[in-house]
Amino acid sequence: MQLSHVQCEQYRRDGYLIFPELFSRAELAMLRDELARVAEINSEAVIRERTGAVLSVFRVHDMASATASAPYTTLQGMPCFLEPARQVLGDRDLYIHHTKCNMKDAIEGAVWQWHQDYGSWRLDGIERPEMATFLVMLDDASEIGGCLYFLPGSHKQGRVEPVLDDKTTSYKLWCVPKQRLLEVMSELPEPVPVTGRAGTAVLFDCNLMHASGHNLSRHPRWHVYYVYNRCGNRPQDVPKPRPAWARGQDWQPIHPAFAG
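Reminder that position 196 of the sequence shown reads as 195 in numbering that gives the first Met the number 0, one-by-one numbering, no gaps.
If you're looking for bench data, these hints aren't it; they were derived computationally from the structure.
All of these numbers come straight from a predicted model, not from anything done at the bench.
Some clues are possibly wrong.
Stated by the list, open to error - Result set (SDA-like, lysine to any residue): computed pairs, CA atoms no more than 20 Å apart in a straight line:
#1 Lys177 <-> Ala210
#2 Lys171 <-> Tyr224
#3 Lys155 <-> Gln9
#4 Lys177 <-> Gly152
#5 Lys155 <-> Arg241
#6 Lys155 <-> Arg12
#7 Lys177 <-> Pro161
#8 Lys166 <-> Asp104
#9 Lys166 <-> Glu186
#10 Lys155 <-> Asp104
#11 Lys177 <-> Leu163
#12 Lys155 <-> Arg196
#13 Lys155 <-> Glu186
#14 Lys171 <-> Lys155
#15 Lys155 <-> Leu88
#16 Lys177 <-> Gly212
#17 Lys171 <-> Leu88
#18 Lys177 <-> Glu189
#19 Lys177 <-> Leu88
#20 Lys177 <-> Pro238
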């Protein structure tokens, strides 16, 4: 799948693109079954809410991981993901920094505060914000269900020095400081709720400010994220690096995969 000139311009302007219902119901059923299986694995790559419900599952793309899944490994090289990522990053040699599956449980799924993903990835030793994320909605995403919100154009602010939030969720998150966030919000369009039917995919910039609300619905909200980075932008050595489930260590270029 190749992005059009209009799509490329939109990505540069807003920091994201939405692809409605990119995956079929059969494909989604298989991916949900696989994620449900992996979420039962006892691994440090499976993060739980304080309630005991699964919050996030990492590293499903890597067959060397305890949480590995063959379908999710294949997905990273599918043309519908890999080719647009190559286009927006201007490089054919990409690897996966990490995969993350966020599983907001019905009623109890917690918020994620406003943040930039590169806020923490810079701390992983990645020197340049030359990264992009593909999100797949495994469930319908609604506002009551705790959908994402994007702040269009906020990626143009560059990386904002983050502050650590270790109280809002069970996962420590590097967030945009409140005062700086309010300043940026006053300068840009209103935040956009990222809603859609299951199977919708979203490509977004690593410096785009985003957040998500509490899941108040009776339905779960599962999202899967693939983080693409240029091989030439691999992490430099840092003191006490995060484990491999959060900070990828396989920097070989992804080979394209084809369905069939």
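Next on the checklist: Of the numbered hints stated earlier in the document, which are not met by this structure?
Outcome noted: 5, 9, 10, 12, 14, 17, 19 and 20
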